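Engineer: Residues per chain, in single letters:
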Amino acid sequence: MIKLEENWEASLLAAIWHRNRIVIQASNVDSANSLFSLWRYYIPQYRTFVLCGKIPKDARYIKGAKLIDVKEPEAQREAFELSYAEEELGAPPIQVVYFAAEPATLRNVLSALPQGWIATTSHPREEWEDESLRIRRVLSFAGGTLFFLDPLPEDVFIEQRLVQDMRDNSEGVKEFKVQLKQSEVHLAFQAILNEVESAGLLTQSYVSEMLNIRERTLAKILAIGAKERRMDLSRYIRRTAPEIVEFLKEMSSVKELYLATLFDGGDLVGYAKYRDIHFPSQNFLRIIQSVGTIPRNFLRSGPLKYIEINTRHVNILVYVHSIVFGFVLEAGPNPVMIRFKVEESLDQLLKAAGKAPAP
Amino acid sequence: MITQSPKLAFVLERLSYLADKEGFALFGPDGTLLFSRFEGSPPSEVLISIADIIETANGIAASAGAADLSQMQVDWQESILLIHKHPDLGFHVVLLGRKKLNVGLARILIKEVTPALEEIFDALKLPAPGKERS
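Just so you know, the sequences run in chain order A and B.
In terms of our numbering, the first sequence has 6 at position 6, counting the first letter as 1, and numbering is strictly consecutive.
Count along the second sequence from 1, then add 359; that gives the number in our numbering.
Bound-form chain B, shown alone (with noise of 0.2 Å):
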């Protein structure tokens, strides 16, 4: 799991000026969680199953002339579910958010604070998809 960080602290306040977002979380290429808030503590069955949900847009993804898989979107009534993958390192932005979510809005914000997750992710010098640290 990521603690708090400065560059941590830099993600959380841009995210902040989205509005209904309801939690944001951050997955490793392999599901893992590495960092999650939301308003309201979620269960661990919902991080559970965004994990599995991760995983099978990947195995579909990949079962689709093998793509990549680069981002997903889920649309309930009410809710709206954006995934992002990190087209080298492989971890995955999650934004969970109400109906009125600004899905482009939002968008650009993960662009933006992209390269600080990239650090963060670095410094838990977890292997990218198919690559050793040395």
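Okay, chain A solo, but in the shape it has when bound (with noise of 0.2 Å):
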């Protein structure tokens, strides 16, 4: 059991939006619901909260709230099982709060529950301890104890971000940035599975391009949608391939660059953008497919190799080997070091693939 100390208010956003199983302990009951409030902006608005137990008046109010009135341990679990049940078929993820739990709540009621319930309680840790409860993190703030029964999320980036971000603003103001950034969240795990149904597999360098977020921010809304939605979307998002990484992190030392794509065929199997831009790839294949259209039999010209397109800002170039490479380049006054060098970046990458293209 360890202690949270630094980032904690990052660590308990992830929890909650993780669906963790979190149990809010005071001296008294009120005390306990008081923290629960508190920090009840974490909780996702898009989930329907299921509310049990000795429920405050203030809880009622919450909009959309199913509550659960019946007393029987029996009922209530069958009440959670169903609710929980309700997710697989379309509904919203629910988020169970237990009001004045008791320790054997938790048996016979709270246990029906992988995930998604928050209980307060008045109970010491030993009593919840004594009914076999795993406590794996700590956290103890304004006269009460949070008991994490879940590891904590790994990566809590977002949510450091989020709570740096507004460490100096009112309650309203934050409330508002982290629902905004929920939803974003949960909106861009709806487009990935409508992307996945009609598409089957996918690159993440298209899911990236697509949603505009970088590698991790892709993990994190896959972690988080698995836990709300219970699917793992992951095994149908193909990764980029280690060599293309390291490729497109080379690229980062031509600073005119603005973005960089590999595609295979017409997946998009590599990107990379450096700099602010709006060039949607499938540009790349646009072009490559528009010179295509010259017939073969006038030019007897052989494979194409290149295109150059040169603009007043920008140079875009598109180079065709086994792999299309398109780099969009700021315009500047040495255009030819600059395809010099990225030519360079890209042989090393053919020959390290085996595709070095013949002399």
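It is possible that part of the hints are untrue.
Said to hold, decoys possible - If you want the footprint, here are the derived chain B segments under chain A, 3+ residues with CB under 8 Å:
#1 397-406
#2 428-437
As the list claims (entries may be wrong) - Which stretches of chain A does chain B cover? Using the computed rule of at least three CB atoms under 8 Å from a CB of chain B, they are:
#3 273-284
#4 287-294
#5 307-321
It should be emphasised that the hints constitute simulated quantities derived from the structure, not laboratory data.
Keep in mind that this is a model prediction, so the values were computed, not measured.
Built from N, CA and C at the ideal position, the CB exists for glycine as well.
Can you join these two chains into the complex? Each is in its own frame, and there are hints to help.
Structural biologist: Right, here's the structure in full:
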């Protein structure tokens, strides 16, 4: 058991967002309920609140909340199981809050739910541990203690950024920022799910470009989505090959570079945006397709090798090998030198992949 | 279409210095073919394809930060296509050449004949992009 100290706000936000099971304990139930109210805005609004136990008055007015008024543990358990099962039919994820829980509640009711519940209680930790409750983390503050029953999410960079960003904000603005980010992640997962349903397998680069996100953010969206929708979409997203990742990292040394993309056939297998620009990667394939309309028998030209489009602000380079490489560069005073640098890195990648062009 | 004129004769004469050139064409701002001369007569599909390339390249250039196309180069294993767009009048000079075409020299020659091309284009009284002629 480890005490939470650094980044505790980010960890608490992450725990709630990832549907971890949490017990909020204080010397009396009212204090425990107050602690819940204090952090309630960390619960995504698209979740359906399912409230049970001695529900305080203010919680009864949570919009769209389902109240389980039955007292019998068996009936409560069945109600939870039913609500949880409805998630698999497409219902929004539920957030169970059990007010004034007894340690026996864990055994009789809450054990039906593998995730997504918060309980408030006045019973001390020992009594909960007597019910075989395994506490993974503890956070003590404001006269109360939070027991985290699941391992905390490891990567909390989004939560850390959020907490840092709203440090000086009012409660209302904090709530707005948290809910905005949570909705964004929720919708992003839905967009990926729709793409998977229509296209089957996706590439990580394609998703990165489609949602304008980096690899780490994608991993976070998939992790939260897996908890909320109980679907592991990561198996449907082909990761970028390590040598391509290395190549894209190396290309960041070309300071004029806005964008680098790699296509294997029609699949976007590498994508990196180094500077802000709106340039759909499909443009590279469009121009190749357009050039391909010239009748081959007229040109006797052999295969297409290279296309360059120059504008006042940018240069667009397309190298056609077994993989298509597309680059957008800032139009500078020495385009040949930049092109040389790009081609040098490209040759290294092709050699490493055993696909070096014929001399 | 442009018919024979002293200015056009000058342009063709200057471009004749360019070794490994296979053809020359002039397209209007909207991709309309104004003049072409190729080694052998190209099928109309080729000129339609070049017009399509010009349109696509202009569209892509516009999407990349609202910047106008200035030039384009396509390299096949055995051929090269160069497209230069006039920055003000918007017409496109197209050169098709073999692999050994000297691209640097081609660009110099295009620059050299541009004033003559401007006069030819002007005589056609076609509107430049975004401008109406009185």
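Engineer: Would you mind marking each hint as holding or not holding in the structure?
Structural biologist: Do the hints match the structure? See the list:
| no. | hint | in the structure |
| --- | --- | --- |
| 1 | 397-406 | holds (count 4) |
| 2 | 428-437 | holds (count 10) |
| 3 | 273-284 | holds (count 5) |
| 4 | 287-294 | holds (count 5) |
| 5 | 307-321 | holds (count 9) |
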